[in-house]
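4 protein chains.
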Amino acid sequence: MKGNRFLRVPTQPIDVEVDSDIADLITRMRRVGFQGRKLAEIVDIWTNMLREKRCVIWLGLAGAMIPAGMRKLISYLIQRRMIDVLVTTGANLYHDTYEARGLKHYMGSPNLDDVALRKAKVDRIYDVLGDENRFYDTDKWIEKHLCDRLDDDTPYSSREILETLGEVLYKIAGAQSSITLDAYKSGIPIYCPALNDSSLGFSLTFANRRRKRRIIFDGLKDIDETAMITEKAQMTGVIYLGGGVPKNFIQQTAVVAGYQLNRDKSHNYAIQITTDMPVWGGLSGCTFEEAQSWGKISSGARMATCYSDITIALPLVVHALAQKHRKLSRNVPVFKWTQGNLGMTYRLTKT
Amino acid sequence: MKGNRFLRVPTQPIDVEVDSDIADLITRMRRVGFQGRKLAEIVDIWTNMLREKRCVIWLGLAGAMIPAGMRKLISYLIQRRMIDVLVTTGANLYHDTYEARGLKHYMGSPNLDDVALRKAKVDRIYDVLGDENRFYDTDKWIEKHLCDRLDDDTPYSSREILETLGEVLYKIAGAQSSITLDAYKSGIPIYCPALNDSSLGFSLTFANRRRKRRIIFDGLKDIDETAMITEKAQMTGVIYLGGGVPKNFIQQTAVVAGYQLNRDKSHNYAIQITTDMPVWGGLSGCTFEEAQSWGKISSGARMATCYSDITIALPLVVHALAQKHRKLSRNVPVFKWTQGNLGMTYRLTKT
Amino acid sequence: MKGNRFLRVPTQPIDVEVDSDIADLITRMRRVGFQGRKLAEIVDIWTNMLREKRCVIWLGLAGAMIPAGMRKLISYLIQRRMIDVLVTTGANLYHDTYEARGLKHYMGSPNLDDVALRKAKVDRIYDVLGDENRFYDTDKWIEKHLCDRLDDDTPYSSREILETLGEVLYKIAGAQSSITLDAYKSGIPIYCPALNDSSLGFSLTFANRRRKRRIIFDGLKDIDETAMITEKAQMTGVIYLGGGVPKNFIQQTAVVAGYQLNRDKSHNYAIQITTDMPVWGGLSGCTFEEAQSWGKISSGARMATCYSDITIALPLVVHALAQKHRKLSRNVPVFKWTQGNLGMTYRLTKT
Amino acid sequence: MKGNRFLRVPTQPIDVEVDSDIADLITRMRRVGFQGRKLAEIVDIWTNMLREKRCVIWLGLAGAMIPAGMRKLISYLIQRRMIDVLVTTGANLYHDTYEARGLKHYMGSPNLDDVALRKAKVDRIYDVLGDENRFYDTDKWIEKHLCDRLDDDTPYSSREILETLGEVLYKIAGAQSSITLDAYKSGIPIYCPALNDSSLGFSLTFANRRRKRRIIFDGLKDIDETAMITEKAQMTGVIYLGGGVPKNFIQQTAVVAGYQLNRDKSHNYAIQITTDMPVWGGLSGCTFEEAQSWGKISSGARMATCYSDITIALPLVVHALAQKHRKLSRNVPVFKWTQGNLGMTYRLTKT
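Chains as they are written, first to last, in the numbering used here: chain A, 1 to 351; chain B, 1 to 351; chain C, 1 to 351; chain D, 1 to 351.
Hints are computed from structural coordinates only; laboratory data are not their basis. Remember, predicted model here, so these are calculated numbers, not experimental data. A couple of the hints might just be wrong.
One copy or two, either will do: identical chains are not told apart, so a pair holds if it fits within one copy or between any two.
Listed next, the in silico DSBU-like pairs over lysine-lysine satisfying Cα-Cα at most 30 Å (straight line) [claimed, not checked]:
hint	residue 1	residue 2
1	232	121
2	119	232
3	140	324
4	53	212
5	232	140
6	144	185
7	104	140
8	232	212
9	232	327
10	119	104
11	232	185
12	232	144
13	171	140
14	336	185
15	119	53
16	336	121
17	185	53
18	350	324
19	324	212
20	327	185
The whole structure should be built from the sequences, with the hints applied where relevant.
What follows is the structure in structure tokens.
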């Protein structure tokens, strides 16, 4: 159909190539339709971010993905410096700490009898099980060791608390690897803006009540620090695995930074993997187009949304990135906080 | 089929009764199948909560439901004392403040050109539009008036900040009705555990930065206060409209209270309306059965989940409750905080 | 904000009006956001169809909605002539026949032990139960009575078979009301293009095998007859409750009629209630905008999609229509088939 | 936790192995949680089917997956004899024919202006575009060539029509590969029980009208033939990609065969990949547990459901199968129909 302006690029039915690795397969999915194509675009745009000269890459990680076996993938992204700042839930960090202490999650099923589980002190997360007694030990361990290193009457950001947790895991628990630990070692800040909405948070409250401590988690400090990162960044890329507070909080840094500097600080690259849908009107499921109306995502941003369970998409995407970037050389941001101010420099990092 | 133990109660196909009011229609939906039946069960279980002698009713309200026109329904529940504690997002409270100041949201469409909206300073929330200049005015107003009444270096719970906001709306803005205002007038505590994840939060951060203030939102204090409510309550009922932090935070009070008192403090009634699904493994979409394994919901609880958009289900449920309970007499909890401790009494309230 | 072209019509937060009936509540939902607004638009556009001078109204009904208690609502739409042609699944018509014979569905739960149900000969449809022995009786009854009145070696459309079924229910079973029966009495054609994909279909196959019959269901005849309806209609409105074959089949009539007449025969009004989503790329979840690209829906059509479970939305919509249109006067199409040709006239009908 | 009967098998967080192929990665996903684990189970159970001595493997393929680039993956499954019978939609077979004729689908976006597409004669399927003029050519081609080889007044099953189409593609079009063509060459029957619900179907109707033909597609014959396959099979495995008629129709064969033989003919293995959910009560989204209550799936079946878009999951699953089974030796069923009866033998096939 010569000249039809809409019919330019044919799709290419995907063929079986028996020696295909993951990166290759996903590359070939670029020319199919529906969500398969989107998965390929996710990898492409992440690669764009990695190739930018000076781009701060935010990862927003919702849910309770650690019990679902995603911990080491996130650690890998941190170690390889494929992300620069992590914003996540208390649930993820709590279960990360639990596994860092050598404790296990177990295979279960959504069809188990939950009243029987209750009696057996087993806590269910869809088809994964946790050991309530070991959870309780972990709460106590956090209550003791983390709080030992925090001061009273000192308003902390979640980053400061989590750096301390990373240090504790490193020095006291002697853990080999965990998200919090690897971030600590790599100088990657972690924010948990709703730290109070988790076992991690309530372990601190227990310390306050039972040990007569006055530890303070100052949520406003998280806004301030994260806004500074976006303010100082030349470019920003955002990656959302699920929605919730992590997504909204990172989106918000563009608005706050924009107000502070009185110029456009919208994010330049944006990818998300989610199972939520735009039609319900929530932030978790909203499109990046909607975010453009708010100036959270740049009008010219490269962006893609893939509707998929994270536990399917994330192993694929991370393996594809690993296979595409066996060597990676990036100018990564180095964050230095002094008296509430952020100094940000870049360091060439090869991984 | 005599004797078949499974085939006891026939369904009843719903018939058209032209003079049916909403309560009557929903009552008749009890005997259909699928989510229609669940909507009827939601109303029934909420009624059970209202009829309990001493039951603290928690409402967890996620999302940005105020731009979607749900504000007055929540105010009604507060005024009629059909709920006792509200846990919600900063987004809901921010848009509530915006509307309390007489400002409007507007009819839009998800198919609008978002880049054009950006140029016109119009912010889109699915099919609802907001006026970015008026949002900015509201930020400034909060930055000024709310912060005027908050002290520096004082770790506040979100409840304390929101009581102050209610007072400001009442005394300074002279607003007639709003969620925050009506809760203030009714003595209903509002918690916003992720207050920092919203315009409401960042207006406080602006005050800290630009006005050299040192206002502190202490997230841990929210855990402490909300746990006390569940600790002191004889019975608790929970209502979740959407998931997110509000749902998890209220669920968490059962765990924290249980640890503190060393006995079962799981919730006794539980209803939720959500569009999220259990199969993704997240807390937002998880079943109440799963919550029973954790001891968040009582093993003997009456509970129902209805999968529906809130903007369809909530108007129906609130009207059905209004029509079923034209007069309501309840022993409602009265909360009194003194130096970090909660005194809780009950007062017979007729509405 | 004077002059902002996007900010024209404010939303109106919905208030509780305790004497509201269903029609009134849904009317007030027009000015909220998200799916609540869409539900109101569904009622408005259906009303538009009813007020057109000569508009053939198609209803596509997917799923197994009869076990879920929706039978009498569909019968009501037929009796009041709020629809003119029904396209549906064999499942709906089979369960309609089952109930027309006085048999019941029962209240169940999705958490029952399905292996125990199997042993007890109980068939589960989510939270509804059926009596397998009575299903089997019904299969036999259809095999006998329906087939008695059908000729061998005669290619039937599903409409012809279903008219015969309506007649059998009327004359032999003496049923009072059912979808098939009421359609028979009202002269409303029913199409079941995948009649073979149901118990209704396989009962005919049983007759062929066991009774040595040669009954033929000619699927192509359904295409021909339905296309003729759209060809002869001045205007058409389409209502889809769920997707599947019923939606696609009605959409297809616009394409076939358009090819036959070599002019635009796209549908003029279009509403759908569904839980499927566009992002999966299927016809069931696709938008009416997508359908406009195919010429199935008119470029100028009034159209609305509401994402909701049918068992919530349908009782509301039908009651709202009933309350808005206590008296209804319409020019309804009268269909007369002679030797494969359709004669279509209109008759003023008051209900 | 010695002795806790629920905590037996730990999960294993998935690690990055940079040389992992697809089969290896998916194997490692067995021990994560949520849908990632389910994807691994899908591959495992499909492998079980392939290793059974005499198991007929049904594939139910819904939707319009061919425009989305899935055609060659299905052809691969046919050529390698990883499936034995295909039940699918007319849409899939129509677009397969279109591509077999050398015509293309094109890359698009769901955000295109559909009214502009209409004017340009471009038909949109989510983010894929088709050329309406070429579709029309294809309709004409089918109308002519397929109908040339069909007799009048002969009730055909869809299998018979589709075998003829395969032959036409082979002999007349000289196509190299397509689903219909490869099935024809491999002796794999294809059923399209709702053939009339597609362009493929209406091209036959056009022939009947415009060419004065009397071609008959007898839907009941499809029931009969497919039931015979399950009747004669020692074991059956079912694979559902999406729901709709293909899933229900294959499920139905177990019921019909069971009635005919008066013994349990439920399917022995069952896997499905879907985006539909059980809570809406439909057959497309229903669990295999529900199907066990009906005797469609065996009480002892190995079964798994993975909630995912097909365009993500299918390329992975087929590549994993290809990499796990570089050589495959199976006893595959050989179907021979004589005067309405099925002779079924097995032939050792190495691929």
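**Request:** Can you give me the call for residue 232 and residue 121, within, between, both or neither, at a CA distance of at most 30 Å?
**Result:** Intra 48 Å, inter 24 Å, cutoff 30 Å: inter-copy only.
**residue 171 and residue 140: within-copy, between-copy, both or neither at 30 Å Cα** = within (18 Å within a copy, 45 Å between copies)
**Request:** State whether the alpha carbon distance between residue 119 and residue 53 is at most 30 Å within one copy, between copies, both, or neither.
**Result:** between (55 Å within a copy, 29 Å between copies)
**Alpha-carbon proximity between residue 144 and residue 185, which holds within one copy, between copies, both or neither at 30 Å** = within (22 Å within a copy, 41 Å between copies)
**Intra- versus inter-subunit Cα pairing at 30 Å for residue 232 with residue 327** = Cα proximity of residue 232 and residue 327: one copy only (27 Å, versus 57 Å across).
**Message:** For residue 185 and residue 53, with the copy left unspecified, which applies at a CA distance of at most 30 Å: within, between, both, or neither?
**Reply:** Classified as within; 23 Å inside a copy, 54 Å across copies.
**Asked** Is the C-alpha distance from residue 119 to residue 104 at most 30 Å within one copy, between copies, in both cases, or in neither?
**Response** For residue 119 and residue 104, the Cα distance is within 30 Å only inside one copy (20 Å; across copies 38 Å).
**Request:** At 30 Å max between alpha carbons, let me know whether residue 350 reaches residue 324 within a copy, between copies, both or neither.
**Result:** within (15 Å within a copy, 35 Å between copies)
**Copy assignment of residue 119 with residue 232, given that the CA separation must stay at most 30 Å** = This pair counts as between: shortest inter-copy Cα distance 24 Å, intra-copy 52 Å.
**Prompt:** Between the shortest in-copy and the shortest cross-copy C-alpha distance, which are at most 30 Å for residue 336 and residue 121: within, between, both, or neither?
**Reply:** neither (43 Å within a copy, 35 Å between copies)
**Request:** Go through the copies and call it for residue 232 and residue 140: within, between, both or neither, with a Cα cutoff of 30 Å.
**Result:** Between copies only: 24 Å across, 39 Å inside.
**Asked** When no copy is specified for residue 53 and residue 212, does a C-alpha distance of 30 Å or less occur within a copy, between copies, both, or neither?
**Response** neither (49 Å within a copy, 35 Å between copies)
Hints 3, 4, 16 and 19 from the earlier list are contradicted by this structure; the remaining hints agree with it.
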